[in-house]
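Peer 1: Make the complex out of the two chains shown on their own, each in a separate frame, by following the hints.
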Amino acid sequence: MKVRIKNIFPPGHVRTPSYLRGKVGEIERDLGYFRNPEQLAYDLPAKKIKLYRIRFAMSEIWGDEIESSADTVDAEIYEHWIQKD
Amino acid sequence: MENNFKKDAHVRWHDMGGRHAENLTFTEHDFELWEKRVDALMVLASNKGYFTVDGLRRVLEDMGEHAFDEMTYYERWMASINQNLIEAGAYNLQELGEKMAEVAQRGKTYGDCNISVIE
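In the order they appear, the protein sequences are chains G and V. Going by my numbering, the first sequence opens with residue 911, and the numbers climb by one from there. Going by my numbering, the second sequence opens with residue 1442, and the numbers climb by one from there.
Excised from the complex, chain V in its bound form (with noise of 0.2 Å):
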C-alpha cells in the first residue's frame, strides 16, 4: 500500500500527522509574562481586524523547521504576529526599529523598566 503521510519531499514539515513521534517532553511549566501578553496581543490584533489566526499559521509554517527546533512556540508566535502585522500596515519597519532601541534603553528586566517609568 502506498502511504503518502511519510515523510516525503512533498508534505510540508509542519504536516506531522501519522509520522512516528520521538521522544516528548511531558513536563508542565507556567508561562511566562511575556508570553502571556504575545497571547494577547495575538487577540487584539485579529480583534481589530489586521489578520486572522490563519495568517499566523501560515507564517508560521512559512519559518520552516529550523525555526521550530531553534525557538520556543511563543517566540515563533512572537515573529508571526510581527510578520502579520507589518503585512497587514499596522506599523512599518522604521517605527518598529525605533521603538525597539526605545524600549532596549529600559532595561533589561521588567524590574529595571518599571523604576525607569517611576522616575
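Bound conformation, chain G alone (with noise of 0.2 Å):
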C-alpha cells in the first residue's frame, strides 16, 4: 500500500527523518506495536501504536541526485505519521 509521510514540523522529539516528510512510499511489512517514543521522551504515557517498515525510491527522496532508480531506502515509520496517498 501507497502511504505519505505528513509533512509537518513540530519543533520536540520525532522519530521521522525530515527528508523523508511529504514523500511516497510503500508499506513493506507491519513491524507490531510499539510505545510511542514521542511520549515516552516526555516521560508521559505512552499507548503501543503500530510501527511500519517503509520502502522509498531514492528518486523520490533524492530527485535526479541518484545514481541508481533501482535503489530504494527503508525507513521505520510509527503510524501517526502516515497517511494514505
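You may find that some hints are simply not true.
[Stated by the list, open to error] Examples of chain G residues lying across from chain V (beta carbon under 7 Å, computed):
no. : residue
1   : PHE919
2   : HIS923
3   : PRO927
4   : SER928
5   : TYR929
6   : PRO947
7   : LEU950
8   : ALA951
[As the list claims (entries may be wrong)] Now the stretches of chain V that chain G is said to cover, found in silico as 3 or more residues with beta-carbon under 8 Å:
no. : stretch
9   : 1452-1458
10  : 1489-1501
Worth flagging that the hints you see were computed from the coordinates, not collected in a lab. Glycine residues also receive a C-beta, built at the ideal position from the N, C-alpha and C atoms.
Peer 2: Structure (C-alpha cells):
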C-alpha cells in the first residue's frame, strides 16, 4: 500500500527524519506495536502504536541526484506519521 | 523538485540525514573510565525506570547545535542523564550541589580520590 509521510515539522522529539516528510513510499512490512517514543521522551503515558517499515524509491527522495533508479531506502515510521496517498 | 531535507529553519539541527557532511575524523580512541561510567549510569537509570533512551535523546536534541560543537559525546550524555534524573525526581538540585562539592573535595584525579578513601 502506498502511503505519504506527513509534511509537518513539530519542534520537539520526533522519530521521522525530515528528508522523508512529504514523500510517498510503500509499506514493506508491519513491525507490530511499540510504545510511542514521542511520548516516552517526555515521560508521558505512552500507548502502543503501529510501527511500519516503509520503502521509498531513492528518486522520490533525491530526485535526479540518485546513482541508480533501482535503489531504495527503508525507514521505520510510526503510524501517526503516515497518511494514505 | 522541492526537497525539504536541506537545512531549513523548520528542520531541527540534529536531523542531519541527507545533508552534505563536512570533513569527518576517522581516528579511533579508547574510552576513558568516566565515559564508561556514564554509559553504565544510563543502563542503571533506565533499568530503574527513571527514564528511557527516548528521554536521553530528547534532552540531547534540545541542548542545541552549540552543545554538539562544544561538548564531547559523553559530556552531552552526562548532561542529558542528569537533566532526566532531575525531572524524574531521582535526586534534587540541592542534593546534587552538595554531592558535587563533596566529590570535588576528594581531589582532581582518580589517584587522589583513591588515596583519600584509604585514609
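Peer 1: Can you verify the interface hint for G:PRO927: is its Cβ closer than 7 Å to any Cβ in chain V?
Peer 2: Interface hint status for G:PRO927: holds (5 Å vs cutoff 7 Å).
Peer 1: Please verify that hint: G:ALA951, Cβ, nearest Cβ of chain V, below 7 Å or not.
Peer 2: holds (4 Å)
Peer 1: Does the closest beta carbon of chain V sit nearer than 7 Å to the beta carbon of G:LEU950?
Peer 2: G:LEU950 check passes; min Cβ-Cβ to chain V is 4 Å, inside 7 Å.
Peer 1: Checking hints one by one. Is G:TYR929 an interface residue toward chain V, by the C-beta closer than 7 Å rule?
Peer 2: holds (3 Å)
Peer 1: Does the CB of G:HIS923 sit less than 7 Å away from some CB of chain V?
Peer 2: Constraint on G:HIS923 satisfied, holds at 4 Å.
Peer 1: Verify this for me: three or more residues of the stretch 1452-1458 of chain V with a beta carbon less than 8 Å from a beta carbon of chain G.
Peer 2: holds (count 4)
Peer 1: How about the stretch 1489-1501 of chain V: do at least three of its residues have a C-beta closer than 8 Å to a C-beta of chain G?
Peer 2: Contact hint for the stretch 1489-1501 of chain V vs chain G: holds, 6 residues under 8 Å.
Peer 1: Interface hint check: G:SER928, Cβ to nearest Cβ on chain V, cutoff 7 Å. Holds or violated?
Peer 2: Status holds, d = 4 Å.
Peer 1: For the hint on G:PRO947, just tell me whether its beta-carbon gets within less than 7 Å of chain V.
Peer 2: holds (4 Å)
Peer 1: For the hint on G:PHE919, does the least C-beta distance to chain V fall short of 7 Å?
Peer 2: holds (4 Å)
Checked against the numbered hints given earlier, the structure satisfies every one of them.
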